Amino acid sequence: MALYPLGLVAVVALVTALIRFAPFLLFPAGRQTPACIRYLSAVLPYAAIGMLVIYCLKDLRPLLMPYALPELICVALVVLSYVWKRSTLLSVVLGTLSYMAIVQKVL
Amino acid sequence: MPKRALKAAFPKTLPVMAGYLVLGFGFGVLLTSRGYAFWWGLLMSVFIYAGSMQYVAIGLLTGGATLISAALMTLMINARHLFYGISMLEEYRDTGSKKPYLIFSLTDETYSLVCRAQVPEGVDKGWYYFFISALNQSYWVLGSLAGSLTGAMFAFDARGIEFSMTALFVVIFTQQWLDARDKRPAMIGVVCALVSLLAFGRERFLLPAMGLIIFCLSVLRAQLDQGVKS
Chain S
162 MALYPLGLVA
172 VVALVTALIR
182 FAPFLLFPAG
192 RQTPACIRYL
202 SAVLPYAAIG
212 MLVIYCLKDL
222 RPLLMPYALP
232 ELICVALVVL
242 SYVWKRSTLL
252 SVVLGTLSYM
262 AIVQKVL
Chain P
115 MPKRALKAAF
125 PKTLPVMAGY
135 LVLGFGFGVL
145 LTSRGYAFWW
155 GLLMSVFIYA
165 GSMQYVAIGL
175 LTGGATLISA
185 ALMTLMINAR
195 HLFYGISMLE
205 EYRDTGSKKP
215 YLIFSLTDET
225 YSLVCRAQVP
235 EGVDKGWYYF
245 FISALNQSYW
255 VLGSLAGSLT
265 GAMFAFDARG
275 IEFSMTALFV
285 VIFTQQWLDA
295 RDKRPAMIGV
305 VCALVSLLAF
315 GRERFLLPAM
325 GLIIFCLSVL
335 RAQLDQGVKS
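Protein chains in written order, with our numbering: chain S, 162 to 268; chain P, 115 to 344.
In short, the hints are calculated from the structure, not lab data. As the structure is a computational prediction, the values presented were derived from the model and not from experiment. All C-beta atoms in this analysis are idealised placements derived from N, C-alpha and C, irrespective of residue type, glycine included. Only true hints are included.
Some but not every residue of chain P turned toward chain S, in silico, with C-beta under 10 Å: (1) ALA164; (2) LEU181; (3) ILE191; (4) LEU203; (5) ALA323.
Please work from the sequences and hints to get the whole structure.
Structure follows, in C-alpha cells:
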C-alpha cells in the first residue's frame, strides 16, 4: 500500500539530486559545458513553468457553471497583486485564501 | 570559526525564512488533506527538498502517475537546477566535506542567496555556504512539518487549499515573464501544453507536452539563443 508513494518519492528525490549533482560530476573544474545543455537549462525553466500553469488549470470547465470563474478571478488577483507588490508570499496567501473563501462560502 | 560563519549567514537567510515557512506550511496542509500521514511531508521535505516539485509530487501521487512519468516530470521541472550548479562550479570548489550537502540543497531560494554572496572577511567559505543552505532547509522542513501536523490534527475545511500550488506557479510565471527579455520560451510552454491538453486529454497530456516543448525549443534554438544571450 505504502510502496507506491514511497517509490514515487524516492524517484523524485533521486532525479532531483541527480540534476543537482550532474554539473559537478560532468564538468569538474574548468571544463566547458556543452552549448546545448547551457541553452536548455536557460530556456527550459520558462517553458516548464508555463506548462505547469496549464497543468494546474487542467481540470477547469469553462463551459459549465461556474464557468471557471473562481479560478480566473483568483489567478487575476495573484498576477495583479504580484505585479503591484512583487511579493511571492503575499500573492500566494492572498490568492489561496480568496479561492478558499469563494469555494467554501459562495459556491 | 563555524560560529562566526553561522552569525554571518543567519541574517542573510531571513528573507527566505518567511517564504519557506509559509510555502512549506501550505505544502504540509495540502499533503495531509489528500490523506497522507504527517511524516510523508517530513520525508519529502528532507529528501526531495524542492519546493515547487513537492507540490507537483502531491498531484502525481494522488493521480497515480507512473514512476517513469514522475521521473520525466522531475527532470523537466528541475532542469533549471543544472544552470545553478553550472554557475556554482567554481564557488563550491574547495568546500571539502560540506560540498555534497551544498550541492544537494541548491534550491532556487538558496541559489538566489549564494550566487551573489560576498563571503565576509575572516569567515570560512565552506561553513558560510553550509549554514545558508542548512538554515534554509530547516525553515522548509519546519514549515512543512507544522503544516502537516496542523492538517493532521485539526479537522478544518481545507477545500480550495490546492489553489496554493496554482498561485505559486502563477507567481513564478509572472515573475519570469516580467524579468525575461524574450517571452517566447514561456509562450512555448503554455501553447505546447494547451495543444497537448486538447489533443490528448487531461490524464495523458503531460508527457506529449514535454516532448513538444523540447522539440519546439530545439527547432527554434538559433533564434532563441540570441534572446537568451543578449
